[in-house]
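Enquirer: Going by UniProt numbering, the first residue of the sequence shown is number 1, and it counts up by one from there.
If you're looking for bench data, these hints aren't it; they were derived computationally from the structure. Please read these numbers as outputs of a predicted model, since none were measured by experiment. Each residue gets a CB set at the ideal place from its N, CA and C atoms; glycine is no exception. Misleading hints may appear alongside valid ones.
Said to hold, decoys possible - Derived CB-CB ranges, DEER-like:
id, residue 1, residue 2, range
1, Asp105, Thr206, 47 to 57 angstroms
2, Glu418, His108, 23 to 33 angstroms
3, Gly73, Glu540, 34 to 44 angstroms
4, Thr206, Gly241, 19 to 29 angstroms
5, Gly243, Asp23, 49 to 59 angstroms
6, Asp23, Ile484, 23 to 33 angstroms
7, Ile475, Asp105, 38 to 48 angstroms
8, His108, Ile484, 33 to 43 angstroms
9, Arg543, Asp410, 36 to 46 angstroms
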Amino acid sequence: MAYTSIHTIRATVSAAIAYITRDDKTVNSVYVNSYACRSDSAGASEDFRTVRGTGTGRTQILAYHMIQSFAPGEVTPGQAMQIGEELCDRYLKDDYQYVIAVHNDKDHLHCHIIFNNTNLYNGLSFTTEHNQGRKSERAWAELREISDEICAEHGISVIEPIGKGVSHYENKMQKDGKSWKEKLRVRIAEVMLYSRDFADFLRNCTASGIEYVYTPHNKYKLKFKLSGDGQQRFTRAETLGEGFTVESITEQIAEIQEKLSAENVTPDMLIEPPKPVVPKTEPKQTVTAPTTLKQSAEPETITEMSETAKRKAAAEQVEKFFAARRARRQAQLDMLNASASKPAESKPELSAPTPQPTPAESKAPEKKEDVWAQIRGMRDSDKMIADLEAGGITSLDDLRGFFWNFKHPDDHTDELAELDKKIRGIDKLINMMKQHSQNYDIYKEYQERSAFTQKHFRKKNAAAIDAFEEADKYIAEHIKAYYIKGKPPKLCDLQAKSTKLKEKYNALVPEHCAFVTKRDTAHKYTRQVRNYLQNKEQQERNRQYQEKKRTQQRRKDTLE
1 MAYTSIHTIR ATVSAAIAYI TRDDKTVNSV YVNSYACRSD SAGASEDFRT VRGTGTGRTQ
61 ILAYHMIQSF APGEVTPGQA MQIGEELCDR YLKDDYQYVI AVHNDKDHLH CHIIFNNTNL
121 YNGLSFTTEH NQGRKSERAW AELREISDEI CAEHGISVIE PIGKGVSHYE NKMQKDGKSW
181 KEKLRVRIAE VMLYSRDFAD FLRNCTASGI EYVYTPHNKY KLKFKLSGDG QQRFTRAETL
241 GEGFTVESIT EQIAEIQEKL SAENVTPDML IEPPKPVVPK TEPKQTVTAP TTLKQSAEPE
301 TITEMSETAK RKAAAEQVEK FFAARRARRQ AQLDMLNASA SKPAESKPEL SAPTPQPTPA
361 ESKAPEKKED VWAQIRGMRD SDKMIADLEA GGITSLDDLR GFFWNFKHPD DHTDELAELD
421 KKIRGIDKLI NMMKQHSQNY DIYKEYQERS AFTQKHFRKK NAAAIDAFEE ADKYIAEHIK
481 AYYIKGKPPK LCDLQAKSTK LKEKYNALVP EHCAFVTKRD TAHKYTRQVR NYLQNKEQQE
541 RNRQYQEKKR TQQRRKDTLE
């Protein structure tokens, strides 16, 4: 999915363009392009200044800076450039000069676009034409909408709006099942179902693991926080939505109580207080009042009493009132627990037209796409591909993972170094504890001797005494890092910890060795393959640019 932002530039346009076109961020300026101006910082800022001189506005805004960021691994630099240029075409409509650059210095690729604030044709400012009126009509809202449309066309995930005040980040957390705000909404909605009034609601919040701060005289009256769910700070009720303010909660509880009273049903008959996991939506077969929770576990085998039957019938009638509410809460819960990626649907197999298909018909579905097709035109491509596959690189996409200075998922250099450091530290401490134990008796005898005989005894047993003192000092300085519940560890505890770390280290070594082989093989060809692909992409961009220029010229000729 792509995240967008836009902000103004009121000074130093040249410095801003120089930053986004830096060689170390754009692969030596390969992924830099421009429209109706030069692409270098000095030239582009001068071209911007020339057009601004013909403008009619007096705004202090010189240019705008847009950023379009993509999720890690979702697009290639070439695709990011193509999507960024399409965004400029639809958003700026060929009316404004711009410089675009794709940065690959982070884990996620992102486009920087700086465009002039003055229209090429009518002299009006972008601020006047596109950044006025209601918030929904301003530049940033239109930018996000156009960006989402383009991403959807290119098969990139987009963010579906789910309500007022929900940010891109919050939406992503909801899809990943990590949003504590969504968990808080579900938990609060369930507490409202069995609360009699607002005061009872606050008491039930505490019992359900929801901390709250209620200050009726303040501007923000109510705040919530989930206990033990990783939420660090309280969140205002207003940020959860319109249905979670003090007034709205009070109205909803009153509405529920009114409906329950009409059916002569208490909240205890309808639903039990929620446990740490939200209760399922299936109605229970046996509903028991809180005063009978300590009865024997045999009610399933006994015929229901008339009173219980009445309550059950009333609960079934009230269930219709809560059907929509419960369905919505369950949908929210399913969204929290569901995986972000859906399993691919299985396609039905087509029956063969004849009982015995020909060999050509049976082999056709098994034909696979050529994973090296894009570089087949290179010199000695067959030899190069054979060498790459022998080194463990099975496709061009696999080779692309070594094009840039991104950390490869199979590269465990840092992790292995950290594990080796921990193992060495523990092993040395173990050796010192053994050394301490081996020389303890001699040192104890040395300490028990009189001052007159100590000098002679130490001279005779100098090696053992020095070894004990060295081990004792080292243990005192390093053992605190391995305390268990405030107590020093035993030798067996350290040995078990060392064994566990060594097992983890040995488990990573084969994968890391395979990565080193692939990396060394890839580095033989990354430069020439990357240059070949970049040249092909540049030729395609030049062709598209020439076509765009011809289209613009035809449009200009038509207007004239």
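Enquirer: Next step is simple, just say for each hint if it's right about the structure.
Expert: Hints, verified against the model:
1. The supplied range of 47 to 57 angstroms is met by Asp105 and Thr206, whose beta-carbon atoms lie about 48 angstroms from each other.
2. Between Glu418 and His108 the C-beta distance comes to about 25 angstroms, which sits within the given range of 23 to 33 angstroms.
3. The beta-carbon spacing between Gly73 and Glu540, approximately 23 angstroms, falls outside the hinted interval of 34 to 44 angstroms.
4. Distance hint check for Thr206 and Gly241: the Cβ-Cβ separation is about 22 angstroms, which falls inside the suggested range of 19 to 29 angstroms.
5. Taking the beta carbon of each, Gly243 and Asp23 are about 52 angstroms apart, inside 49 to 59 angstroms as hinted.
6. Between Asp23 and Ile484 the beta carbons are some 53 angstroms apart, a value that contradicts the proposed interval 23 to 33 angstroms.
7. Hint check: Ile475 to Asp105, Cβ distance near 46 angstroms, so the stated range 38 to 48 angstroms holds.
8. The hinted window of 33 to 43 angstroms between His108 and Ile484 holds, with their beta carbons roughly 41 angstroms apart.
9. Between Arg543 and Asp410 the C-beta distance comes to about 37 angstroms, which sits within the given range of 36 to 46 angstroms.
In summary, the structure is inconsistent with hints 3, 6 from the numbered list given earlier, while agreeing with the others.
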